[in-house]
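Visitor: As a plain string of letters, each chain reads:
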Amino acid sequence: MPVLKLPTPLRPYADGQSAIEVQGQNIAEALNDLIRQYPSLQKHLFSDAGTLRPFVNLFLGEEDVRHMQGVETELKADDVLRIIPSIAGGING
Amino acid sequence: MLPTLSHDEILRYSRHLLIPEVGLEGQQKLKAASVLVIGTGGLGSPVALYLAAAGIGRIGLVDYDVVDFSNLQRQVIHGESTLGKLKVESARQRMLDINPDIQVDVYNEMFTSENAFRIADPYDIIIDGTDNFPTRYLTNDLCVLTGKPNVYGSIYRFDGQASVFNAGDDSPCYRCLFPEPPPPGLVPSCAEGGVLGILPGTIGTIQATEAIKLILGIGESLSGKLLLYSALDMSFDFVKLRKNPNCKVCGEHPEVTTLIDYEQFCGMPANDHDSGSAGDEWDISATELKARLDAGDALHLIDVREPHELAISRIPGADLIPLGQLAARMHELNSADEIVLFCKIGTRSVRALEVLASAGFRKIKNLDGGINAWAEEVDPSLPIY
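For the record, the sequence lines run as chains A and B. With the first letter of the first sequence counted as 1, position 41 gets the number 41 in the numbering used here; the numbers rise by one all the way through. With the first letter of the second sequence counted as 1, position 296 gets the number 296 in the numbering used here; the numbers rise by one all the way through.
Excised from the complex, chain B in its bound form:
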């Protein structure tokens, strides 16, 4: 039995009720539906806003973070008035302002193998709005093991991907496409690479659209297809996805039959808070670097950021060799010199350090925390970005 709609609800959703594919029954289906949104960041913001406005009866939100100033460029469900507040609470407040007739459940915790079954249990559909590989694989495996559709979205700079995984017998899962994650360090995060603020809006609204189509049982789903969106080219390309019979979780002889340790599987932490440390032996702190420069030590500072980042901040005397060019320009460096590598927060410089170390360089250091740490500890005239 579908829930009935009050007169207020009929007025609120009148533009839906006028569409024959939705109608009164469709709106009742939306009211009866429950959707879990993993992450209330760039992707989760538009997803949660539109699902709330559309009248999804029960929406769960999982996030453990608080609203940060640098989130507001794209995480449009939050605002200055909720800075420092829990993201799930900030999001719930906004959603209930849009639509007080819905139920919003909040889970202020990291989504982990230990709590995923409990959190996901009451929901029909899971929306993957995560920012890291371990949580993505966890979300995928959970959906396969519990038989719930996984509405996927992912973003980087100007590029987005979206699909619907595990939405029926022939529907592939995320692992059918990406059997294993890239090794840490080979794929940059948005914290290092950046993301156009509008991009998660585009991909997130596509995810919300796919979830609503699944609930209503209308249209053609993205299941079995991967959408590749380029904001720069304004292109929407599709490729075909097939279920992989050898998939380790949804294949004919699955090896993964329960949730595993996804941080270990991916070899990286389940967050996008990059660590800029190479380990004690290789690190130099901003304060220590300043002291050594002041003492007149001959250090060769190499900035491995991209040229456009020099306009934001720079350390005087440093030479620019972007990480992508380092292997080809290594001859510009003298392995007898003492070299200090740095970037924005230390992620790229750790990779640069690995490149030089594998080429035989030994007198190399990584500026722990990057130029942002330098701005914080040594030169407050520089902005942190």
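Pulled out of the complex, with its shape left as it was, chain A reads as follows:
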């Protein structure tokens, strides 16, 4: 099954998991499966209209899926899908 690596800021919404097995023939299906397993992730990944939020960067292996077929990109059983977050860095606290 493909594995989705979740960045640290999103892990609290997935019971602290860093890597989650997801089912799906393509990325859209895999993301739906992810949301099915962890509904709290929904608003972090998708807009109210149901589209992937523009700041959510999805990489399949080393490649940005925007340079592939987007969420229609097909997945193989050993694929690693990765969400790369915007992180701001930090002072104070």
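Some hints could be false.
SDA-like mimics (lysine to any residue), calculated; alpha carbons at most 25 Å apart, straight line [unchecked claim]:
no.	chain 1	residue 1	chain 2	residue 2
1	B	Lys-248	B	Ala-270
2	A	Lys-43	B	Glu-9
3	B	Lys-240	B	Gly-217
4	B	Lys-240	A	Glu-21
5	A	Lys-43	B	Arg-329
6	B	Lys-363	B	Ser-381
Note that these hints are calculated values from the structure, not bench results.
Chain B: place on chain A using the hints.
Guide: Leaving out everything else, chain B in the frame of chain A:
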């Protein structure tokens, strides 16, 4: 014409001069180079220390803050002797102690659209050591508009990112990867989420390394790649970055042709000093909360911090529901009860308040300033963190 090196400088940099890829000419290039470091915090500290030691001839530092006690866990250029001093002055003092042969320019001001061109003008390379999205987008756009390489680093808890943006024709920029910032509230800051003190050391030294490679023109740059470092897994992963032809600042038909209002663009202030206020209508102060509890009012206190934070401080009688679990555990709450939400400084509890409000809860309040305000105003036996 490259500047010459004195006998003292030749001795100081002898370990560089022995490396064929650097040599005498490379050291002269470093002496002729100028680098601007945005921020003298977690990332800026190692960057500035190593660039000074390496003999970068002119280093600019931009920061408007003063050295705070809670900085010392990671901002290694500062120390107890400079607490309360301007960060840029504290950093300059340390850098000139390491290497008095360099020039250190300090800009004790916020880096803004109004002053960015003036401040950046004398420098060849910009290093992004900022802690917030507005300044990151500003730094990126400035570099694209002025044609300067942007050496990027970013950190959160155990995770770091680094890259080199805008370092030549095919080199993508920050916006090619992150066209727009996440909405406020969806990404936690280090002030709320924390950061391993060593992490900015790792990422900052990578940024300094990339800057020196750019100056020397050696090796393979991080341009076109994003480094993803996990201190916890001790993994260094790379993904490929490409220039986005539709990028609003570096694309084929750019829409951003001058610096804009980045606080408005990001919908958040250009600092990491979290505000813990939800607005007057929703806020309750620590003092007011204490008075109402003392008066016997039935308030349901909900602590939305993480379980490990209870070991630092707690308010008696409060129930713990971490923010990440709130949506799933909402059935544990009664919307007829009067609920007061709190966290460390009020950022997470404001988000919790939004979650409950959108679910129809109306009798909800946010403890303004969080448990830290409670410690300050009501219970001084509790530590502030």
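Visitor: Compare the structure with each hint and give your call.
Guide: Checked hints:
1. Lys-248(B) x Ala-270(B): The hint holds at about 21 Å.
2. Lys-43(A) x Glu-9(B): Distance of about 57 Å is beyond 25 Å: violated.
3. Lys-240(B) x Gly-217(B): OK: Lys-240(B) and Gly-217(B) at ~21 Å, within 25 Å.
4. Lys-240(B) x Glu-21(A): With Cα atoms ~23 Å apart, Lys-240(B) and Glu-21(A) stay inside 25 Å; holds.
5. Lys-43(A) x Arg-329(B): 16 Å, holds
6. Lys-363(B) x Ser-381(B): Given pair Lys-363(B), Ser-381(B) is violated - Cα atoms ~30 Å apart, limit 25 Å.
Hints 2 and 6, counting from the list given before, are not met by this structure.
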